[in-house]
Amino acid sequence: MQQVMNVNELTVRYGDGCVYCIDSDKSLDKNRCPKCKTVWAVRNVSFSLYHSEVLGVVGESGSGKSTLMKTLYFDREATSGQTFLNAYEDGKTNIFSVSSQQQRAIRNNLLGMVYQNPLLGLLMDFSNGGNIAQKLIAAGHRNVSAMQSRTFELLEHMEISVNRVKEPPKNFSGGMQQRVQISKAIANNPPVLLLDEVTTGLDLSVQAKVLDLIRMVQKKFNISIIVVSHDLAVIRMLSDRTIVMLDGQIVEHGFTDQILEDPQHPFTQTLVHSLI
Amino acid sequence: MLNINNLSKTFTMHVGNRETINCLDSVSLSVEPGQMLAVIGPSGKGKSSLLKCVYGTYLTTSGNIYYTDKNNVTHDLANMNLQDMRLLRVNEIGYVSQFFHVIPRIAAIEILCEPLINRGIGRAEAVKRAESLLEMVGIPESLWNMYPSTFSGGEKQRLNIIYGIITKPRLVLLDEPTASLDPNSKTRVLELIKELKSQGSIILGVFHDYNAMKVVADKSYNIVTKQMELVS
Numbered sequence: 060m061q062q063v064m065n066v067n068e069l070t071v072r073y074g075d076g077c078v079y080c081i082d083s084d085k086s087l088d089k090n091r092c093p094k095c096k097t098v099w100a101v102r103n104v105s106f107s108l109y110h111s112e113v114l115g116v117v118g119e120s121g122s123g124k125s126t127l128m129k130t131l132y133f134d135r136e137a138t139s140g141q142t143f144l145n146a147y148e149d150g151k152t153n154i155f156s157v158s159s160q161q162q163r164a165i166r167n168n169l170l171g172m173v174y175q176n177p178l179l180g181l182l183m184d185f186s187n188g189g190n191i192a193q194k195l196i197a198a199g200h201r202n203v204s205a206m207q208s209r210t211f212e213l214l215e216h217m218e219i220s221v222n223r224v225k226e227p228p229k230n231f232s233g234g235m236q237q238r239v240q241i242s243k244a245i246a247n248n249p250p251v252l253l254l255d256e257v258t259t260g261l262d263l264s265v266q267a268k269v270l271d272l273i274r275m276v277q278k279k280f281n282i283s284i285i286v287v288s289h290d291l292a293v294i295r296m297l298s299d300r301t302i303v304m305l306d307g308q309i310v311e312h313g314f315t316d317q318i319l320e321d322p323q324h325p326f327t328q329t330l331v332h333s334l335i
Numbered sequence: 026m027l028n029i030n031n032l033s034k035t036f037t038m039h040v041g042n043r044e045t046i047n048c049l050d051s052v053s054l055s056v057e058p059g060q061m062l063a064v065i066g067p068s069g070k071g072k073s074s075l076l077k078c079v080y081g082t083y084l085t086t087s088g089n090i091y092y093t094d095k096n097n098v099t100h101d102l103a104n105m106n107l108q109d110m111r112l113l114r115v116n117e118i119g120y121v122s123q124f125f126h127v128i129p130r131i132a133a134i135e136i137l138c139e140p141l142i143n144r145g146i147g148r149a150e151a152v153k154r155a156e157s158l159l160e161m162v163g164i165p166e167s168l169w170n171m172y173p174s175t176f177s178g179g180e181k182q183r184l185n186i187i188y189g190i191i192t193k194p195r196l197v198l199l200d201e202p203t204a205s206l207d208p209n210s211k212t213r214v215l216e217l218i219k220e221l222k223s224q225g226s227i228i229l230g231v232f233h234d235y236n237a238m239k240v241v242a243d244k245s246y247n248i249v250t251k252q253m254e255l256v257s
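Going line by line, the protein sequences match chains A and B.
Quick note: the first sequence uses my numbering, first residue 60, plus one each step.
Quick note: the second sequence uses my numbering, first residue 26, plus one each step.
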């Protein structure tokens, strides 16, 4: 299996840290240093993502799942650690070490992100077509008719009528907004798609529709996906492999069926046994 | 060849009553290509756990599960890199679980085509193979494009079986393949198992139905106090 992304010892902390929490492996109060109150949102997280694989990330609220995703998408700055993308300089350059201009290019061409909150991923007063075109233009596209046909194609994949291309996303329901976000995220055929709690807050039938479409997109375009969710049903449906996060750290990883049926870590067992 | 050597599985519970459950204790057995080994025994004795250890759904506590793949490379499934195991799952291992977990909104024929397409087989050929298997296990054509959630228990079970073996896997794990089937369907499924054997598949099956097991098994073991006892 070809590796598409490698995350190595990634750490994101809020605060300067102190001798107690930086220089030692001493236990923190959850993910907070008891002495200097620095929050270690993500601490020494390492994993790889492989071609055409869906990697699930689960954990309770505040475990660092979303911070991890936002850091990988350059929305947050990594405190330390490295990330390599196979599609960027053959995976030889740490993407956190390159210029912000390069990071923008990576973000526009090689990564797609769907946020839990569509307000973060869409310009609500722009048209749906304009939102998708924004991503295409950022990647260097300039041919208007080519961009238009790509926009129509993407909206059709997401089962949104092309008649609604000129409407702004603010007129759409939550589920439809998520589908526009997905269209925008995959507009430039990125090898890696990041999904952060994409179905949270949607009603069950809309959730099912969005998940089906994600699954379809993944199969059709062989995209590698990292999907963050606290809903184990979403993880079961989408992901091949799952990592479990607690207080900013990975406490367990394995095949999704193994994590759900034979969890090893006390926290994973509690999580699995909390399934309704 | 599948060679299980001193396999043990213990569950350590950190929630609830915090028990340690010894499920399998030093189980050893081997199955040759073209053979079926059946495991029988009462419920809760670890039959399905054995299959799940082989498939990687359960992590083994100790022991080895040696499997020789189509390139004649021997892997220890109990101590294997996840990506290599993932490849084996896609390309060589078929697992028919006791309960059929599929997305309820996908038509039966599409569910069957997916593992073939994942292996790089063209859609037309995948559909042809799926249709021929659906016909073989007696699922009426009117149901092929329906969602499995609308199927009866027996129809679901037959779909489950052909889903697990549609790729003609070299290693087949069958968990109660004849449970909840009428006599006619049972005969069709047993024929399918015989066909897999004739193609050289290594089959490890778990049965409650002793008579059905006798028709297809070359060797059978009874699980007694977490260990295997040769029956025949």
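The hints are simulated quantities; they were obtained by calculation from the structure and are not laboratory data.
Each residue gets a CB set at the ideal place from its N, CA and C atoms; glycine is no exception.
There may be inaccurate statements among the hints.
[To be verified] Just so you have them, the derived chain B footprint on chain A, three or more residues with Cβ under 8 Å:
1. 213-225
2. 318-328
[Said to hold, decoys possible] Calculated pairs, DSS-like style, for lysine-lysine (alpha carbon to alpha carbon, straight line, at most 25 Å):
3. K181(B) - K153(B)
4. K153(B) - K239(B)
5. K193(B) - K153(B)
6. K278(A) - K193(B)
7. K193(B) - K95(B)
8. K279(A) - K268(A)
9. K95(B) - K279(A)
10. K193(B) - K70(B)
11. K219(B) - K268(A)
12. K95(B) - K181(B)
13. K279(A) - K239(B)
14. K153(B) - K278(A)
15. K70(B) - K153(B)
16. K151(A) - K89(A)
17. K129(A) - K151(A)
How the hints compare with the structure:
Look at the segment 213-225 of chain A against chain B: 0 of its residues bring a Cβ nearer than 8 Å to a Cβ of that chain, fewer than three, so the hint is violated. With 6 residues bearing a CB less than 8 Å from a CB of chain B, the segment 318-328 of chain A meets the requirement of three and the coverage assertion stands. With a C-alpha separation of about 20 Å, the suggested pair K181(B) and K153(B) falls inside the 25 Å cut-off, and the hint holds. A threshold of 25 Å between alpha carbons decides the hint, and for K153(B) with K239(B) the separation of about 32 Å lies outside it, so the pair is violated.
Of the supplied pair hints, the one linking K193(B) and K153(B) holds, its CA atoms being roughly 14 Å apart against a limit of 25 Å. Restraint check: the Cα-Cα separation between K278(A) and K193(B) comes to about 22 Å, which is no more than 25 Å; the hinted pair holds. Distance hint between K193(B) and K95(B) is fulfilled; the C-alpha atoms sit about 12 Å from each other, no more than 25 Å. Straight-line distance between C-alpha atoms of K279(A) and K268(A) comes to about 16 Å, which keeps the hinted pair within the 25 Å bound.
Note on K95(B) and K279(A): the hinted pairing is violated, with a Cα-Cα distance of about 28 Å set against a maximum of 25 Å. Only pairs whose Cα atoms come within 25 Å are accepted, and K193(B) paired with K70(B) is rejected, the gap being roughly 29 Å. For the hint linking K219(B) to K268(A), the alpha-carbon distance of about 40 Å lies beyond 25 Å, and the restraint is violated. Straight-line distance between C-alpha atoms of K95(B) and K181(B) comes to about 30 Å, which puts the hinted pair past the 25 Å bound.
Our distance criterion of 25 Å between C-alpha atoms is broken by K279(A) and K239(B), whose separation comes to about 44 Å. The suggested pairing of K153(B) with K278(A) holds, with an alpha-carbon distance near 20 Å, which does not exceed 25 Å. Restraint check: the Cα-Cα separation between K70(B) and K153(B) comes to about 40 Å, which exceeds 25 Å; the hinted pair is violated. Only pairs whose Cα atoms come within 25 Å are accepted, and K151(A) paired with K89(A) is rejected, the gap being roughly 34 Å.
Our distance criterion of 25 Å between C-alpha atoms is met by K129(A) and K151(A), whose separation comes to about 22 Å.
Comparing the model with each numbered hint stated earlier shows that hints 1, 4, 9, 10, 11, 12, 13, 15 and 16 do not hold.
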